[in-house]
Amino acid sequence: MAERSFEISRLPGFATIAIAAFALLYLPIFTLVIYSFNASNSVAVWGGFSLHWYADAWANQAVKDATVRSLVIGASAAVLATTLATLAALGTTRRKAFKGQTFIYVMINQPLMVPEVVTAVALLIFFGIIKVATGYQGLGYLIAAHTAFCIPFAYLPIRARLESMDLALETAAADLYASPWQTFRRVTLPLLAPGIMAGAMLAFVISLDDVVITEFVKSGGQDTLPTYMLGQLRRAFTPEVNAISTMLLGVTVVLLTAFFLLTRKKD
Amino acid sequence: MSPAEQNAVRQSARNGWLLSVPALVVLALAASGPLLIVVYYSFLTANDTGGVIRQFSLEGWRGIFLTYDIFDEEYRLADAHLTIFWRSVWLSLTTTLVTFAVGFPTAWFIATRPAQQRAMWLFLITIPFWTNLLIRTFAINEVIRNEGILNTALIWLGVIDRPLQIVYTETAVLIGMAYVYLPLMVLPLYATIERFDMRLLEASYDLYASRWRTLRRVILPIVKPGIIAGSILVFVPSLGAYVTPRVLGGGKKMMIGNFIELQFLQGKNWPLGAALSVTLLIIVMGALLIYVRVANRDRSSDHG
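These protein sequence lines are chains B and Y, in that order. Residue numbers 1 to 267, in this note's numbering, belong to the letters of the first sequence in order. Residue numbers 1 to 304, in this note's numbering, belong to the letters of the second sequence in order.
Fair warning: there could be bad hints in the mix.
[As the list claims (entries may be wrong)] Chain Y stretches covered by chain B per the calculated footprint, using a threshold of three residues with CB under 8 Å from any CB of chain B:
| hint | segment |
| --- | --- |
| 1 | 5-19 |
| 2 | 107-113 |
| 3 | 125-136 |
| 4 | 236-249 |
[Unchecked claim] Some, not all, of what chain B presents toward chain Y, calculated at C-beta under 8 Å:
| hint | residue |
| --- | --- |
| 5 | 17 |
| 6 | 85 |
| 7 | 96 |
| 8 | 102 |
| 9 | 124 |
| 10 | 250 |
| 11 | 256 |
| 12 | 258 |
The hints are simulated quantities; they were obtained by calculation from the structure and are not laboratory data. Here a beta-carbon is modelled for each residue, glycine too, at the ideal position from N, C-alpha and C.
Just chain Y, with the same shape it has in the complex (with noise of 0.2 Å):
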């Protein structure tokens, strides 16, 4: 390379960062930098009023797993806690698998329309995809409470005589999360079933292949990235699910997330909080990491 050419890369280089500097100031003061007050919260001393005393401690992190009973004077295991993260963790691998179930017929669906009527299928995914969860979750509580229209109309048919009590249980949480992260799993579904070779069916089913061997063994491991990453989209944010476990568990049926907002916001034991969410944050980060890893390695030996 010549120096004068040298000389463009860096400019260019130096022009590339200039202008996405604004942007990451901004990110960096009001979404990257605060997590690390949160880290440094976690192991200070809670303050029985809210807030902090300056002073190092790991009770937050032990808190985790264990409270100290005051009678003994000694750490017993927290089953309270275990409780809420069992349920975060058995809720979120339900929905994920509950979407998938509905998740890849639907996307299978949608890909082997004629080529002008994908992009309507698409759209009728994309407006829940973008419409306000608080909305869909009211709206599924609307179908589900005990005066809601399932109620209503099992009544009316004569099924049940007294409304089935949905609301406020862990089934109604996850099939609030099951709905309202549906389209999570169903769009990078389709993503890869569109790109999908049909003719490998084609291929399959004259070498005497039956339909259901034909999805274990040909479609199912071609699709594999498209699994891994819905899975993925609906598994994270389930684990960090707030707004859905509020309104359809009734603060009876917590997961993690209002389990870290009770910490802060009545619990007031903040380091707890800031420990959980940190922890929270390790495991949505190692599950990224592994739909890294697994999306890499496919693009890789796609290539050779």
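Just chain B, with the same shape it has in the complex (with noise of 0.2 Å):
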């Protein structure tokens, strides 16, 4: 191609603001993660290459019980969430419209449309009450109230796999005498296990990020990751709290690869 050539997509300046947008969204992240492996006390000045923070982090009774009750909570919910939101997901689709689905749909994706904050506040109150009459004050909210809003996330994957999916499969199952829940078993849901799965996913790393509704929900020493490092903030800044991040944007990161890659459509 000439260099002149007229690109008949190309406007003025875009690319740049893209590419600066980019660099823009990487540079915090990468500043995050290169201070985490400063050796430095302060946070401003370049002292070399350590693990000094990894270590603090991993000494940290407090950080240890709070990544332990993150990761219960988020595996809880996402197993909880997932398996509701695929009975939820074979209901709703591959039938003929019924009465009532609308609500469904809408149920299902109403955590993604009320500000966190107001759920917060109404678990708080709801959550609250039935403390006092039950006097359980266990993990149970958090992982119920985790379920729920996972629940979106979950079913929304497990959806669009079960809309792509070919009911001739299973016609044909039924059609060799397999009884329903033979063709279910060893048909649908071996052919809908990636979209299971990639929800399953979602569901954990929206759980493992949540702030507000755990704060809110969150009884006294229930502190997740999050919420921990958000305590952190009243006290000076620590390179601790940049290190619990990186591993935190890890994890994420390698889940969110395997669940495009679970996803990706085979051309």
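Put the two chains together into one complex, using the hints given.
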């Protein structure tokens, strides 16, 4: 191509702005990651490479507890939300539109629409009443709240997968005298598995990232990693928080890459 | 329809409901249902030690705009509250504009890459999108705070001799929100630009339209649904933002989300907090309704 050729879709300055946008998007994240390896005590000065802050975070019992709590809540919420979302997706796809279907859609997507802080306040009040009535203070509340807002994230990829699946295979199985359960277990479920895995990963990432709802719902001593980090703000900002952030970032990137590989359209 | 077919349809609808019910129960208990309690609480009397007294009162709703002056024994406009509302709306609108100004060229750039490259550029937008909001807020804080790399670099270059005070200002909240919500603008814009027929540009240029005129008269009208989708997707979470103003505004530059938290966790005025939550919810639902309307209108005019 000639260097000065008239490219039809080129708009002046757009490419420059786009490249700048990508740079600005990643510069802060790279800064955070790089400074998590900074040996210096001050966050402003580079004192050489060190894993000092990771060791600190690792030795900190509060961080360890918060990590375990985040993983327990994330795994429970992901499993529960994915199970419920799979059932709901099976109920709302590949059948004749039925009365109330729109209501089901709205209910499932509702956590995406309501501002998080409003849901957080609502749960603070509601779970507060239950806490007083039952005396139960455990992680159940956080798991229930996380499950609820993870449902739409699990539902979307599962539904997308179901809608692109070929009904003929299931019809064929039924023709060959497979019972409905056998058809589901041997045909539908294996075909749906990538969608379910993708949904579960998204749900896990979303649960792991939540700050606002957790901050309002948690009882004393129930910090997850994000609320622990938010709490650290009141004190001096240490690179230890950068180290924790970098680890969480790593988990997110790994899970997202897996998600994209799972949902990638086969050409 | 034969009775047997009718039966099958009814059976299918019943199965559809049965399969959805478990998810609906959890959502009703831990997401939608409790919202009704918030509405109820907004009409109760505040208990000074937190919580509510079960007695009807409009004080919560009145408190949104008015404060009771105990010396004059009369209601006054609550200036502090109005400042917070104004800041929330102003910052959310500006965030939407900034993300559009940066996001549109970015989405255009991605959509005009060769097909094999597009997935990679999109992935680069998606990673920050799914990355913890708190981490991204910390990250931007690392850049703009007084000892951050921006100030360090500017001092080193000799541009300034004292760090710029960016954090704990409205500018910091604006920078932070534009940074964290940019992907929400780019993704829907990309989705509409990708479907844009580039031959229209040829036609426009053939008819002697300038690039600017083509952008204004051809491109922007056609990608309008994407612009509206992106704007709503940025405006709605900006208005309800909690984490970004708390971290970058440092408690001084509060937005509605922080103000609501204050009523529940420190201010001990639950009915006011509840009334504020309901107000925020109504504004957000209104914005979403406009979006659905516009989206439907555009879809039906496509077929017309």
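**Study point:** Interface restraint verdict for residue 250 of chain B against chain Y (beta-carbon cut-off 8 Å)
**Key:** 11 Å, violated
Quiz item: Checking C-beta pairs, does the segment 5-19 of chain Y have three or more residues closer than 8 Å to chain B?
Solution: That given contact holds, which follows from 8 residues of the segment 5-19 of chain Y lying within Cβ reach (below 8 Å) of chain B.
### Query
Three or more residues of the segment 107-113 of chain Y near chain B by CB distance under 8 Å?
holds (count 4)
**Asked** Given residue 96 of chain B as an interface hint, is the shortest Cβ-Cβ distance to chain Y below 8 Å?
**Response** Nearest chain Y Cβ about 6 Å off; hint holds.
For this session: Using 8 Å as the Cβ threshold, decide whether residue 258 of chain B counts as touching chain Y.
Result: 12 Å, violated
Evaluation of the interface hint that places residue 256 of chain B against chain Y, nearest CB under 8 Å
OK, holds: residue 256 of chain B within 8 Å of chain Y, min 5 Å.
Task: Hint check: 8 Å Cβ-Cβ cutoff, residue 85 of chain B to chain Y - done: 6 Å, holds
message: For the segment 236-249 of chain Y, count the residues whose Cβ lies under 8 Å from any Cβ of chain B; is that count three or more?
response: Answer holds; 8 residues pass the 8 Å Cβ test.
Check: Under a C-beta cut-off of less than 8 Å, do 3 or more residues of the segment 125-136 of chain Y approach chain B closely enough to confirm the stated coverage?
Finding: That given contact holds, which follows from 11 residues of the segment 125-136 of chain Y lying within Cβ reach (below 8 Å) of chain B.
### Message
Interface hint check: residue 124 of chain B, Cβ to nearest Cβ on chain Y, cutoff 8 Å. Holds or violated?
### Response
This interface hint holds because 6 Å falls under the 8 Å limit.
Query - Hint status (Cβ of residue 17 of chain B to nearest Cβ of chain Y, threshold 8 Å) - result: 4 Å, holds
Under 8 Å is the threshold here; is the Cβ of residue 102 of chain B close enough to any Cβ of chain Y for the hint to stand?
12 Å, violated
Violated hints, listed in ascending order, are 8, 10, 12; each of the other numbered hints is respected by the structure.
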